[in-house]
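Chemist: Below, each chain spelled out in residue letters.
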Amino acid sequence: MLDQLARLGRIGIGFITHLGRANLLLFFMLRGTDEVVWRPGLLIKQVFSVGVLSMLIISVSGIFVGMVLGLQGYYILSQFGAEQTLGVMVAASLVRELGPVVTALLFAGRAGSALTAEIGLMKATEQLSGLEMMAVNPVRRVLTPRFFAGVISMPLLAALFSALGVLGGYFVGVGLLGVDDGAFWSQMQAKIDLQNDIYNGVIKSFVFGVVCTWIALFQGYDAVPTSEGVSRSTTRTVVHSSLAVLGLDFILTALMFG
Amino acid sequence: MLGSNDQEPLIKIRGLTFYRGSRAIFDGVDIDIQRGKVTAIMGPSGTGKTTLLKLIGGQLHPDAGTIHVDGQNIHELGTKALYQLRMRMGMLFQSGALLTDISVFENVAYPIREHTDLPESMIRKLVLLKLEAVGLRGARHLMPSELSGGMARRVALARAMVLDPMMVMYDEPFTGQDPISMGVLVQLIRELNDANGVSSIVVSHDVQETAAIADHIYVISNGKVIEHGAPAQMMNSELDWTAQFMHGKADGPVPFHYPAKELAEDMLSC
Numbered sequence: 001m002l003d004q005l006a007r008l009g010r011i012g013i014g015f016i017t018h019l020g021r022a023n024l025l026l027f028f029m030l031r032g033t034d035e036v037v038w039r040p041g042l043l044i045k046q047v048f049s050v051g052v053l054s055m056l057i058i059s060v061s062g063i064f065v066g067m068v069l070g071l072q073g074y075y076i077l078s079q080f081g082a083e084q085t086l087g088v089m090v091a092a093s094l095v096r097e098l099g100p101v102v103t104a105l106l107f108a109g110r111a112g113s114a115l116t117a118e119i120g121l122m123k124a125t126e127q128l129s130g131l132e133m134m135a136v137n138p139v140r141r142v143l144t145p146r147f148f149a150g151v152i153s154m155p156l157l158a159a160l161f162s163a164l165g166v167l168g169g170y171f172v173g174v175g176l177l178g179v180d181d182g183a184f185w186s187q188m189q190a191k192i193d194l195q196n197d198i199y200n201g202v203i204k205s206f207v208f209g210v211v212c213t214w215i216a217l218f219q220g221y222d223a224v225p226t227s228e229g230v231s232r233s234t235t236r237t238v239v240h241s242s243l244a245v246l247g248l249d250f251i252l253t254a255l256m257f258g
Numbered sequence: 001m002l003g004s005n006d007q008e009p010l011i012k013i014r015g016l017t018f019y020r021g022s023r024a025i026f027d028g029v030d031i032d033i034q035r036g037k038v039t040a041i042m043g044p045s046g047t048g049k050t051t052l053l054k055l056i057g058g059q060l061h062p063d064a065g066t067i068h069v070d071g072q073n074i075h076e077l078g079t080k081a082l083y084q085l086r087m088r089m090g091m092l093f094q095s096g097a098l099l100t101d102i103s104v105f106e107n108v109a110y111p112i113r114e115h116t117d118l119p120e121s122m123i124r125k126l127v128l129l130k131l132e133a134v135g136l137r138g139a140r141h142l143m144p145s146e147l148s149g150g151m152a153r154r155v156a157l158a159r160a161m162v163l164d165p166m167m168v169m170y171d172e173p174f175t176g177q178d179p180i181s182m183g184v185l186v187q188l189i190r191e192l193n194d195a196n197g198v199s200s201i202v203v204s205h206d207v208q209e210t211a212a213i214a215d216h217i218y219v220i221s222n223g224k225v226i227e228h229g230a231p232a233q234m235m236n237s238e239l240d241w242t243a244q245f246m247h248g249k250a251d252g253p254v255p256f257h258y259p260a261k262e263l264a265e266d267m268l269s270c
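In order, the protein sequence lines correspond to chains A and B. Take 1 as the starting number for the first sequence in this note's numbering and just add one per residue. Take 1 as the starting number for the second sequence in this note's numbering and just add one per residue.
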């Protein structure tokens, strides 16, 4: 009984220590903000690596998710004779929920895992120690630009996902199933609200960007510097990011629309 | 490169104690690293030789004791002063630790770009001179993934020397090298030390190569300095432990067998 209690205590202390280290890393990354202000080249390079290289998977996924929404939405709405509101349904689903959430999940899988593996391997191959010994702060020089690149890229990728999703829904709804073209766009224009839908979606994707990039960088920086350690950290990045995104999505939705 | 306080050791380690968990890696160690000399720290794997370099570089903090580098207690320095001091230190990591996303040229230029405002033409000349010194001027366009292990270490050596440091620390520079690469590295360490007037600390367990270039050797084991002296003195040491290590004998004070029950007892118990 006492042993179990002690084990539970150790797990609790381990969790809090872990959380403390993650928060300290976030603090030090944010303290290095001037590094990306004075050396924008560092940021641009990472935006390309984290954001631009994720565009293909985000675009393809966005189109297919939009097409499925168009198809499913049409069959449900047509039962009530409301198929002309398909545009609203597709756009609202994408902008409020699916855009930020699915983009964040894909981002964690594509860019997050790559960030963790990169930083973890830099640690394992002593590149981070090497920077320290060259009097270069590895958090400011390596982690801060990647953090801001993730935070900037995520809302843009979510916007791309939503825009292409709407086009996918349009293609299926209007192109294949015969929904009226004018109704599709005009209903969407009338019902999608800038404050309630667009801004809230952007806020969500910004929060997910911070959380996913933070988790990915922390897992890489905290990785055990062996091949197995880096592999475990990469897995943890995807699992923790996905859970954090889904949990936070519920909280944010409750706060925004509750 | 030698200053007015030539007589003072460049690095003075006193009473160094460092624990990993409950295991003492160092237990009251005293070491002096003399200016302009090649000092070797030797000992079997796992005795904390790399840890010692990290302690000297201020990457780890001791549990007790002091390390003075060029008169400054490195563990009492603020971040800015520590980084200032590190700019005068070079370190060659076992893996080379080259940045894998930039070329050989950019790797060597990296510390100059980070810490100076020199014009590009000057950076180019400095980098080419350092690469020439390690024989790799022609490899400046290659990426680190295109280099052999020995070449990577030579590039790392050029990078460590590019800011003309007062000292260079070598972490197992000969491990895993073929005889030619090893010969090149042995020669380079000695030549760069003498030509640039730096002080060198070589951490290694390759006895012959290290003894060939060192001016002074410290042998450490179980958290203590077992013995120190000139290479010839260490090779002829009468201490059993030093003799076993320097001559690579299989059995001696460091037993061949990992602690276990008697063989007969072990075989019969099942």
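Just so you know, these hints were derived from the structure itself, not from any lab. In this text the structure is predicted, and so the values were computed from the model without any measurement. Even glycine gets a Cβ: it sits at the ideal position worked out from N, Cα and C. Fair warning: there could be bad hints in the mix.
[As the list claims (entries may be wrong)] Facing chain B, from chain A, some residues (calculated, C-beta under 8 Å):
1. M1
2. L2
3. D3
4. E126
5. A135
Chemist: Run every hint past the structure and note whether it holds.
Modeler: Each hint, compared with the structure:
Given the 8 Å rule on beta carbons, the hint for A:M1 is violated: about 27 Å separates it from the nearest Cβ of chain B. For A:L2, the shortest C-beta to C-beta distance to chain B is roughly 22 Å, which exceeds 8 Å, and the interface hint is violated. Because the closest C-beta pair between A:D3 and chain B is about 20 Å apart, greater than 8 Å, the hint is violated. Taking 8 Å as the C-beta cut-off, the interface hint given for A:E126 holds, the closest approach to chain B being about 4 Å.
Taken as an interface hint, A:A135 checks out: its beta carbon lies about 4 Å from the nearest beta carbon of chain B, inside 8 Å.
Of the numbered hints given earlier, the model fails hints 1, 2, 3; all others are met.
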